[in-house]
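Colleague: Keeping the supplied structure of chain A fixed, place chain B upon it in accordance with the hints.
Taken in order, these protein sequences are the chains called A and B.
Per the numbering used here, the very first residue in the first sequence carries number 98; after that it's consecutive.
Per the numbering used here, the very first residue in the second sequence carries number 83; after that it's consecutive.
I should point out that these hints are in silico values taken from the structure, not numbers from a laboratory.
Hints are supplied without guarantee of correctness; some may be wrong.
What the hints assert, rightly or not - As a list, the in silico BS3-like pairs of lysine-lysine whose alpha-carbon atoms are at most 30 Å apart:
#, chain 1, residue 1, chain 2, residue 2
1, A, Lys311, A, Lys171
2, B, Lys184, A, Lys412
3, A, Lys399, B, Lys258
4, B, Lys233, B, Lys258
5, A, Lys311, A, Lys399
6, A, Lys242, B, Lys343
7, B, Lys243, A, Lys399
8, A, Lys155, A, Lys222
9, A, Lys399, B, Lys152
10, B, Lys184, A, Lys399
11, A, Lys399, B, Lys199
12, B, Lys256, B, Lys233
13, A, Lys147, A, Lys216
14, A, Lys242, A, Lys432
15, B, Lys243, B, Lys355
16, A, Lys242, A, Lys155
17, A, Lys399, B, Lys233
18, B, Lys324, B, Lys256
19, A, Lys399, B, Lys343
20, A, Lys171, A, Lys212
As the list claims (entries may be wrong) - Beyond 12 Å from chain B on every Cβ pair, some chain A residues (computed):
#, residue
21, Gln144
22, His149
23, Ser281
24, Gln301
25, Gly350
26, Asp353
27, Val365
28, Glu405
29, Tyr419
Stated by the list, open to error - What follows is a set of in silico ranges between Cβ atoms, one per label pair, in the way DEER data are often shown:
#, chain 1, residue 1, chain 2, residue 2, range
30, B, Ser211, A, Thr245, 29 to 37 Å
31, B, Thr303, A, Glu416, 27 to 35 Å
32, A, Ser296, B, Lys243, 55 to 63 Å
33, A, Thr245, B, Glu281, 22 to 30 Å
34, B, Thr303, A, Phe282, 16 to 24 Å
35, B, Ser211, A, Pro215, 30 to 38 Å
36, B, Leu263, A, Thr245, 20 to 28 Å
37, B, Thr303, A, Ser435, 42 to 50 Å
38, A, Thr166, B, Glu239, 56 to 64 Å
The C-beta atom is built at its ideal place from N, Cα and C for all residues, glycine as well.
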Amino acid sequence: MPEVRRPPDELTPTHVSLLTDTQHAQRTLRLRNACLLTPQISNWMAQVAKDHPDVVTKVEYGQTYEKRTISLLKIGLNTGENKKAIWMDCGIHAREWIAPAFCQYFVRQILQAYKTDPKMQEMLKNMDFYVTPVLNMDGYVYSWKDNTTRLWRKNRSPGPSGCNCTGVDLNRNFDANWGTVGVSFDCCSNVYCGSQPTSEPEAQAVTYFVGTRKEDFLCFLTIHSYSQLLLIPYGNPNFTAPNYNELMEVGLGAADAIRRVHGMNYTVGTSPDVLYANAGSSRDWARTQGIPFTYTFELRDKGIFGFELPEDQIKPTCEEAYSGALHIITYAHDKTFSGAVATAAVTLWTMLLAVGATGNTLM
Amino acid sequence: MSLRIIVVLAVLTGVTGSPGVMIRPEADPADMTAHPNSVPETVEDSEIYRQEVPVEEEAEEDVMATGELKPNHYQAQRAAKVVQHYLNTHYGSPFRLFGLHKVNSGNAEDVADSGRKYQLEISVQEIISNTTENCSAEVLFPRGEQQRSPKVQASCEELLKINSTAQEEALFQKYKTNQRLLSAQNLPDSYGHIEPDSEPLWHLGIVASSFVMLNESSENTLYNMAQVANITQLATENELLKFDCHILLHEMVSQEIVHWKLLFTWSPPEGVKVLQMEQLPHCQHHEKPPNTN
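For reference, chain A alone in the conformation it holds in the complex:
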């Protein structure tokens, strides 16, 4: 039995962790430790919550088919009020390993920025960030199992009777034009949409958590790879989002922000335009719930390495994606909040002038 080296607390599996210097320790982890993944990620989340008790809480909001807990980190200053919110999920598709890495990076980055950046402090005061590092935990663990499972995509629920294959494509299972286009009803297909909308426990978890708070959410960002795209709703070409123009404009702004980091080009558009038509995605579902800014991020690269992105591209990918995500989040925040003080001031000035004009007894 090969020696299993315990990684430092902060460390999560090789491809996921970014900020450690101990590459050697990482490589030792490798594929032998798929079964350690769940506690590692869980421990990392608990540690972050413990290290930042004033702004971070770990919230358990569902269970996978194999009974793993689905958790998110809720990040924001506790003001005691009902706050607006930002949603981010990573790892809907098991093989897209760069995505959970990005969610981790994102969390660390906003907590770092919170220490010194007044803008981030303002945003964490006004909004809560809900970040799910790995939604499809069963699929993710399975993709770590050995060389033959690396390219697994779906979750791990058993096929319906009469069909011998495993798994549902979670990003075709949400209740948004479900089953209409870009899906298969063959349970062996990698785009099998399930027996019915939201049949899968992972999709149910998101649907319930976000659905019961949908008025709060300003942004819903779902992170995937690969292709270097920012996708806006809808996946069914017969429908256009009411705020399509705004989504495009903000998306293009985000793509510009991404390009400024490392020169990488991300294409912005609806799935049917720039990739392929598809129904039942989490992004589309979120848009139908009325959440205004919903985007799918497809991270690096464009096909040379595909799902197996080399380690030296993890950090640059996360840096550029962070820039893009922040652009969208900041826009949504400022659209909702910045006008507030100006309006209040204008109102009071107007009142004062009105009072003054009537020669009132304020003096």
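Modeller: The following block gives chain B in isolation, referenced to the frame of chain A:
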């Protein structure tokens, strides 16, 4: 008293981001009612929905299929990827590999009884030297009963001038005179890692894969090579090197991983020639890929 009020107002104006006061985002009336599910809407809702679609959109869809193409949209992108596969198939080597960089413009037209022809202006990158060049290309996707491969013409003069002969000769000699036959697995591995010594084998795998990807492409596919699961050098009597490989292709539209087994030769003057190719069934219950003899 009024001075105090003015001071308060001035301070208030200077403060940013007061959480106490919040503007509710203006509800977009269409937003409130729009609920695009497959469950039939009331007529009113559908009308609101359709109103949001710019009038040009419907006409645009027809234009998209024929005539000028949007360079970033899938039609031109898929056709351009076929050009990449063509270039690698015919001109690729362990030291010369092509990647689609950008589509600058595209045009599509139906060719009676033949199929659909795409004319493209693209920029292509030679990955190893990191040079990018503009190319013109034509891709014909045939129509008909049989699924036939696309026909490509491409003119990328500058890129093809890139001289990798010396490196290729050196590698060829090295492999020819090796005591042991080479073999490598999982290129790249799960972490995107490739041992430097295995890189040329990875490149050979990409070139050989490009034969298959070119052959299998249509307007409804987008192929990339996901991994060389296994590549093994075979003994030969002649001047060529010979390899057996098991490759995994990623087809983007279906999101499937397709397994192929290839037998191919390589020499610097001849380039890569695929002798045999065979698609492997991949049932989900296979724990190990089939043995390559």
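Colleague: Evaluate each hint against the coordinates.
Modeller: Cross-check of the supplied hints:
1. A:Lys311 - A:Lys171: The given pair, whose Cα atoms are some 15 Å apart, holds under the 30 Å limit.
2. B:Lys184 - A:Lys412: holds, 24 Å
3. A:Lys399 - B:Lys258: violated, 34 Å
4. B:Lys233 - B:Lys258: Roughly 34 Å between the alpha carbons, so the hint for B:Lys233 and B:Lys258 is violated.
5. A:Lys311 - A:Lys399: The given pair, whose Cα atoms are some 34 Å apart, is violated under the 30 Å limit.
6. A:Lys242 - B:Lys343: The hint holds at about 24 Å.
7. B:Lys243 - A:Lys399: The given pair, whose Cα atoms are some 25 Å apart, holds under the 30 Å limit.
8. A:Lys155 - A:Lys222: holds, 18 Å
9. A:Lys399 - B:Lys152: holds, 19 Å
10. B:Lys184 - A:Lys399: With Cα atoms ~11 Å apart, B:Lys184 and A:Lys399 stay inside 30 Å; holds.
11. A:Lys399 - B:Lys199: It holds: about 24 Å lies between the C-alpha atoms, which stays within 30 Å.
12. B:Lys256 - B:Lys233: Given pair B:Lys256, B:Lys233 is violated - Cα atoms ~36 Å apart, limit 30 Å.
13. A:Lys147 - A:Lys216: holds, 24 Å
14. A:Lys242 - A:Lys432: Distance ~45 Å between A:Lys242 and A:Lys432 Cα, so the pair is violated.
15. B:Lys243 - B:Lys355: It holds: about 21 Å lies between the C-alpha atoms, which stays within 30 Å.
16. A:Lys242 - A:Lys155: Holds, at about 27 Å.
17. A:Lys399 - B:Lys233: Given that 30 Å is the threshold and the Cα spacing comes to 23 Å, the pair holds.
18. B:Lys324 - B:Lys256: Distance ~14 Å between B:Lys324 and B:Lys256 Cα, so the pair holds.
19. A:Lys399 - B:Lys343: holds, 24 Å
20. A:Lys171 - A:Lys212: holds, 17 Å
21. Gln144: Label holds. Min Cβ-Cβ 24 Å, cutoff 12 Å.
22. His149: Check passes; 20 Å lies beyond 12 Å.
23. Ser281: Violated: least Cβ distance 8 Å, not greater than 12 Å.
24. Gln301: holds, 17 Å
25. Gly350: Per Cβ check, A:Gly350 is outside 12 Å of chain B; nearest 16 Å; holds.
26. Asp353: holds, 15 Å
27. Val365: A:Val365 is in fact no farther than 12 Å from some Cβ atom of chain B, at 8 Å.
28. Glu405: violated, 4 Å
29. Tyr419: At about 20 Å from chain B, A:Tyr419 clears the 12 Å cut-off, so the statement holds.
30. B:Ser211 - A:Thr245: 29 to 37 Å: holds, 35 Å
31. B:Thr303 - A:Glu416: 27 to 35 Å: holds, 32 Å
32. A:Ser296 - B:Lys243: 55 to 63 Å: holds, 56 Å
33. A:Thr245 - B:Glu281: 22 to 30 Å: At roughly 23 Å between Cβ atoms, B:Glu281 and A:Thr245 fall inside 22 to 30 Å, so the hint holds.
34. B:Thr303 - A:Phe282: 16 to 24 Å: holds, 20 Å
35. B:Ser211 - A:Pro215: 30 to 38 Å: Check failed, 46 Å falls outside 30 to 38 Å.
36. B:Leu263 - A:Thr245: 20 to 28 Å: holds, 24 Å
37. B:Thr303 - A:Ser435: 42 to 50 Å: holds, 46 Å
38. A:Thr166 - B:Glu239: 56 to 64 Å: Between A:Thr166 and B:Glu239, where Cβ atoms are some 59 Å apart, the hint holds.
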